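**Q** With chain A held as given, fit chain B onto it using these hints.
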Amino acid sequence: MIDPKVIENVCIEIIRKAVIYLPDDVKNALKTAYDNEVSDIAKAQLKAILDNVKLAESIEAPVCQDTGTIIFFAKVGASFPGIKYIEESIINATRIATSKVPLRPNAVHPFTNKNSGDNTGHFIPYIHWSIVDGDSLELTVMPKGGGSENVCKFKMLTPADGIEGVKKFIINSVLEANGMPCPPTIVGVGIGGGADISMVLAKKALLRPLNKRSPEPQIAEMEMELYNLLNETGIGPMGLGGRTTVLGVNIEYAHRHVASLPVAIAFNCWAARRASAVVYSNGTYKVLG
Amino acid sequence: MEYKLKTPLSESDVRTLRIGDIVYLSGTIYTARDQAHRRILEIVSKGGALPVDFRGMAIYHCGPIVKKVNEEWIVIAAGPTTSTRMELYEYDVIRALGVRMIVGKGGMGFKTAEACKAYGAVYTEFTGGAAVLAAQSIIKVKGVEWLDLGMPEALWILEVENFGPLTVVIDSYGANIHENINKRAYEKMSFILK
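Just so you know, the sequences run in chain order A and B.
First residue of the first sequence: 3, per the numbering used here; consecutive thereafter.
First residue of the second sequence: -18, per the numbering used here; consecutive thereafter.
Next up, chain A with everything else stripped away, as it sits in the complex (with noise of 0.2 Å):
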């Protein structure tokens, strides 16, 4: 059996990692993106988030003041013997980690429109569940901003619009979002199964890395003409202008109803977060990346 108080550690941790450290990937991104850029309102806007990540790691602050809506993805090992103390594990170091790292209480009744404090309430934090092989456990968190959460979009196409259709919606999404979601944003696109799937599918395409594409060629490829289509957009930093306004373009999908297409289309911030940690079934634990 496991002390429940290590599945909490480990979820304060990984919390913690997550919104004062931005993942290698993103933070390389950031770096190549001043790079490419030649206009000084870019540069400057590249600049300010380049200091801030620096500044955020050495003070040990949160990199953005929206810490947003804390979002898990927990991976069971079948026969990992702490599953029952899982969810209440994520539930406490929700509430721990509000005051002490801390985090902006960001749950909000939505009929009262009261604050709870502590960033729990109903449903909140999130967890999404999947059962793998083995006896550990593999957590994920996401502490998901809400200025791009808001441009997130969703749309029922018909299997006549195929991938062009496809194309286009990503391309008016990233329009229409403009400089609301702090571009340069990560896009994920989920595609297929249904409304509820694939809009589950384009928020857990936004976990995978940034120098990892589609393992299909002919998604990696897609992937690849999206970002580099809609930075010639030339929205740019926070939309004021330049040639990064997407990091990246993650795709993943399921099989489609005959009937229908659905497209779903995720975006997050640049400080784009993420932490993920093991949990082995001896009560030891390893923080990943």
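Hints are computed from structural coordinates only; laboratory data are not their basis.
Mixed in with the good hints, there may be bad ones.
[Said to hold, decoys possible] Some, not all, of what chain A presents toward chain B, calculated at C-beta under 7 Å:
no., residue
1, 57
2, 63
3, 104
4, 107
5, 170
6, 181
7, 184
8, 234
9, 236
10, 237
Just so we're clear, the structure is a prediction, and the values are computed from it rather than from any experiment.
A virtual CB, placed ideally from N, CA and C, is assigned to each residue, including glycine.
**A** Only chain B this time, still in chain A's reference frame:
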């Protein structure tokens, strides 16, 4: 052009500014997001008194992370929030309160630009997400009102020093950087969107 300005701002201070100019702002600024904007207009429409005087001041679209240490509020992170959510209220707020500068990110719309033109105000942007950098220029939390709205939505009274670079995005002549950029973006993509 680069300007160093201090609140309260005069009409001529802001009429000098043009889109693309950079401002470093010092003095007192007030944070306000959706809920605070709504409350401001509710109070004004009933002829009530606001807790602070907005005349010549700057409103910062920001929901900071603050921490109380020995009875004093410390700002941990305080970047701007998406300004379009306040588009609904900003015309009336600028008109009724005499605010001279709005600081946010992501752009604002036609009605705010109209108010900037009619009443002499500007909309500026600080880099979204650059929250620790922003917090560095906040030298003091002078007070807080409406904490019942929650930490992010409360009206924080902040003393800032050389807060910037703030890019002038909507000037008092109706020009709007995002509008220009967005128009060009649609033109560039028209070949594929047809």
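**Q** What are the numbers of the hints the structure violates, in ascending order?
**A** none
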